[in-house]
Every structure is written in structure tokens, then in C-alpha cells.
Amino acid sequence: MEYLLPTLRKKQEVDAIIRDTIDKVLVLRFGRSSDAVCLQLDDILYKSARDVSKFATVALVDIDSDEIQIYLKYFDITLIPSVVFFFNAHHMKMDSGSADHTKWVGKFQRKQDFVDVVEAIYRGAMKGKLIVSCPLPPERIPKFELLYKDV
Amino acid sequence: MATLNDSFLADLDELSDNEANLVENNEEDEDMEEDVDGDLADIEALNYDDLDSVSKLQNTQRYTDIMQKVEDALEKGSETSDKGIVLEDDPEYQLIVDCNALSVDIENEIVIVHNFIRDKYRLKFPELESLVHHPIDYARVVKKIGNEMDLTLVDLEGLLPSAIIMVISVTASTTSGKPLPEDVLQKTLDACDRALALDSAKKKVLDFVESRMGYIAPNLSAIVGSAVAAKLMGTAGGLTALAKMPACNVQLLGAKKKNLAGFSTATSQFRVGYLEQTEIFQSSPPSLRMRACRLLAAKSTLAARVDSTRGDPTGKNGRSFRDEILKKIEKWQEPPPAKQPKPLPVPDSEPKKKRGGRRLRKMKERYAITDMRKLANRMQFGVPEESSLGIHIKSKKIYYKSLVH
Chain A
1 MEYLLPTLRK
11 KQEVDAIIRD
21 TIDKVLVLRF
31 GRSSDAVCLQ
41 LDDILYKSAR
51 DVSKFATVAL
61 VDIDSDEIQI
71 YLKYFDITLI
81 PSVVFFFNAH
91 HMKMDSGSAD
101 HTKWVGKFQR
111 KQDFVDVVEA
121 IYRGAMKGKL
131 IVSCPLPPER
141 IPKFELLYKD
151 V
Chain B
1001 MATLNDSFLA
1011 DLDELSDNEA
1021 NLVENNEEDE
1031 DMEEDVDGDL
1041 ADIEALNYDD
1051 LDSVSKLQNT
1061 QRYTDIMQKV
1071 EDALEKGSET
1081 SDKGIVLEDD
1091 PEYQLIVDCN
1101 ALSVDIENEI
1111 VIVHNFIRDK
1121 YRLKFPELES
1131 LVHHPIDYAR
1141 VVKKIGNEMD
1151 LTLVDLEGLL
1161 PSAIIMVISV
1171 TASTTSGKPL
1181 PEDVLQKTLD
1191 ACDRALALDS
1201 AKKKVLDFVE
1211 SRMGYIAPNL
1221 SAIVGSAVAA
1231 KLMGTAGGLT
1241 ALAKMPACNV
1251 QLLGAKKKNL
1261 AGFSTATSQF
1271 RVGYLEQTEI
1281 FQSSPPSLRM
1291 RACRLLAAKS
1301 TLAARVDSTR
1311 GDPTGKNGRS
1321 FRDEILKKIE
1331 KWQEPPPAKQ
1341 PKPLPVPDSE
1351 PKKKRGGRRL
1361 RKMKERYAIT
1371 DMRKLANRMQ
1381 FGVPEESSLG
1391 IHIKSKKIYY
1401 KSLVH
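Which chain is which? The protein sequence lines are A and B, in order. Residue numbering for the first sequence follows our numbering, beginning at 1 and increasing consecutively. Residue numbering for the second sequence follows our numbering, beginning at 1001 and increasing consecutively.
Next comes chain A alone, as it looks inside the complex (with noise of 0.2 Å):
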């Protein structure tokens, strides 16, 4: 899928689409192509990301490269593929009824049920809220369990 969307390897790429997307939903997608949720997951955002482009920026980041690990520890990500919104360099969050609130894991069944999610984030981030609540039914949402360690 690095051929569809603009995939990203090195920290400086990350930040520079991270401070220069103005006034637009940034979401960037933590995960390996060659993982097959993953795949369903790009397949979805690569449909739509024409039909958000007015609203939205769609990037892949790619967590087998070197440099991206610190973003893997800041985030905490684990589980792949991972989704994590930004709107105008905020860390946008959204309460979908599962543990984690910072981001979004798993892949979305349907191409509607993504731009309905982003649209929610535009919203909310519009208002001046950092978090929104997911506008998805339960039943869409994909279900994963979190494993604390040490603590």
C-alpha cells in the first residue's frame, strides 16, 4: 500500500505532516504492510481518502523502521494497525467505549463507518473539544484487550 498514500519512515517526515496540516484532520496509521488487518485497514483508507480530502489528510507510518519507535513509545502502541488523529498538531481523542482512548485499533468495517468516524473528530475539533465520542454502534467497533504489565 506504500504506492497508494504517503507512507512515512523517518521522525523528521512525521513531524513535518504533523505541524503542517492546517485546519485538517490528520490521521496516521501505526501498522506493517504486511500484516492482512493492516491491509483491510489501508484498503478502506485509501478509498476514502479522495472523499475526505477536503477535511482530512490520510498517511501510513510504517513501525518497522527505526526511527519511528520513540513515536511507538510515546503513543503506546501495541497493537497494530493503530489509528491516531490529530487536528492542527493536537492529539485528538475518542471515546469509543473500549479501554483506549488515545487511538483507534483495528481496522473499520466499512469505507461510511471512517468518514463517519473523521467527520465526528472535524467536528469536535472545530467546537475546541480534544475528545469525541465515537459515533459508531457498539457492534462496529473492533474489540481488544489490554494487558498491564507490571502494574
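What the hints contain is simulated information worked out from the structure, not anything from laboratory work. Heads up, some of the hints might be wrong.
Only pairs whose alpha carbons sit at most 30 Å apart, straight line, appear in this in silico BS3-like list of lysine-lysine [as the list claims (entries may be wrong)]:
| no. | chain 1 | residue 1 | chain 2 | residue 2 |
| --- | --- | --- | --- | --- |
| 1 | A | Lys-54 | B | Lys-1352 |
| 2 | B | Lys-1316 | B | Lys-1328 |
| 3 | A | Lys-54 | B | Lys-1342 |
| 4 | B | Lys-1076 | A | Lys-111 |
Dock chain B against chain A, hints included.
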């Protein structure tokens, strides 16, 4: 002569219908009355039995001169004309101009002869004139039918479209006409011959003009072709006359009058004249024909104007016009650009259109707070509200009371 004059003057005095008198005149056999009165000549001419009094063109000196010159020129073939000579002085150009005028005259003459034939043949077959409009076709049909009463014995194949032939045969079986007397028939046939001769002379003149067209009007012939250019010039009556016409008229030059014969106009051909015969028109797809015709007429008018002032003797302008026309027709045939799916609009960027007006107000009234409810909500100053939810709900109004203090 005196009697004729007197009878006409008497008519004017009485203000009676002229028809009776004119019919009377017609029935006077073999009266070769010379027409001295120029004004009355036309009216009388239509009723004359003698063809020569009606159609004089073929006997004029001018006609024979020009026809002779045309024939000589046609025999000589296309000679290389000196480009150096200014057009106006060139004797060939003068001949072309004369030819144009002559072709218009021949046209008028044909109309006069056609009227003559029609008047004579009315006794025999009155409906024919409404079925066959074109004068030359009419003359050919009259010649073929002659004095025949039974049309099944007459073979009109090739002269007319078969639908018209059918209509003619049907009409002939119920016609109110009677066979013509021998001498009238002879005169009518002579008139037909005269009409056909005039037509062939006109064709010869047009052929000659066509062969010289590349020299006279290079730009116009570059666009529409020399044959059509010759026809246009001939019908318009010269290059300057053609140049003065607006393009909409040029489009209709030479348009045939529709022969309905009971068919609906919904399927009829559009109004195109000689331009229909141009190569560009024929090669354009049927759906684009009207637009192509309008375009052709416009550009050919421009080219004619250039030619009439001799602005471009090489014909370069004409060729560039032609290229332009072909390119435009190509462009019309291009498929429209593929539709790209539009990206979704930014959320909340387009404010909701709030409607107003009487209808909306009436709708809102159904959900508005009624007066009863307003009165029920009203509170006394200093008196706490008795809420149905009990003591758990604190009304804000109590706070206001404390603020006032």
C-alpha cells in the same frame, strides 16, 4: 388597339372585376395585339397566346452574345489567367459578372414561362401546379403527359419521386380538367421546350462560372467547393451581392420549397440550401448538421466578403476558414470529460438554509408554549415553587430572589 384601351378604361370607371374582361380577351383567337403600353404589358402578356411576346430573353442580343462567349470560353478550356491584372479590368471577370446577371435573368424568365404554361394547362389539369412546384419539373411533366387523359399510359418514372407520381395519378383520375384544343396544346409544348432550353442554357452558364471560380473567388471556393460557390454566386446575383447578404440568407440560398402532399412536417428536412451539397456538410454526422450548416454559412459569407474586395487572391484565408470549420466539428464530436467523484464537503461549512415565512410560522405555532402553560410557569416573588418532583429540584428563581436582596 383602341378597343382594348377603351375596354380597360371602362373597367376602371366601373370598378368592376377585371377577370371577366381578361377571360374575354383570352378567348379571342389568334389576336396578335402588340403591346405598346408598358404598364399594361405585363398583365396582358400573361394572357397572350403567343409565347414570344411572353418570353423575350432568348431573342435579345445580350443573351446570344453572352451565350456565344461562354461557349467559346468553355471550348478554350481553363487558360492560365494573368494574376497581375486587376480583377475589374479583366475581360473574363466582366464576362463572369455578366453571366451572373444573365443567370438571374434566365431564372426570372423561367418563372414567366412557367406561369404561361401553368395558365394554359390549367384547363387540362388544374391540380398539377400545386403538386409539382419546381418549374422545370412541371415543364417536363406537362411535356410527358401532353393531352393524355388516362395517366396510367404515361410513364413519369425518373422525373419525379414515386410518391408524387402516385398522388398525380390519383388526382388525374378525378380531375375536373378537359383535353386541350390542338393549337393550345402546341403552344404549351413549345413553352415547355423553351423552359427546358433556358434551363440547359443556365446550366451551361453555371458550368462556365464554376470552372472560373477558383480565379474569381478563391476563398469561397476553398471552403464550399467551386460548384456550390458558382451556384451561390449565380443565385445571389454576383459576388458583391453575395457579400452583402447576411449569413442567415446565404444559408437559405437555393432551398427547395417543401412538397407536402399530405405528409407531416415533423419529419421534414431542415432549411438548408446549396450548402447542403458541400463536402463538409455531407461528411458531418446527421445530429450536428444544423450547427455545421450555420457555421458554414457564416464562414462562407466572410470568405465572400474577402473575395469581393480581392483581399486575398491566394485563397489562404479560405483554407484557414475551412480548417477552422473542420476543427470545430471535430471538437463537437468529442466525448465529454470523464466525471471525477467529488470529495465530500467539509462538515458544517455550508450553513443550513433557514426558511421563513407564514407557513413555517404556522408550523412552529403547533409546538410553541401555550398561554396556559406560560401562566402556569409564572412564579410569585419570594414564594418558592411547588415542583411536582418534590424538594429535590431547586428552582433557579429562588437564587434571583436572594440576589435582589
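Checking against the hints above, which ones are violated? Hint check: 4 fails alone, others pass.
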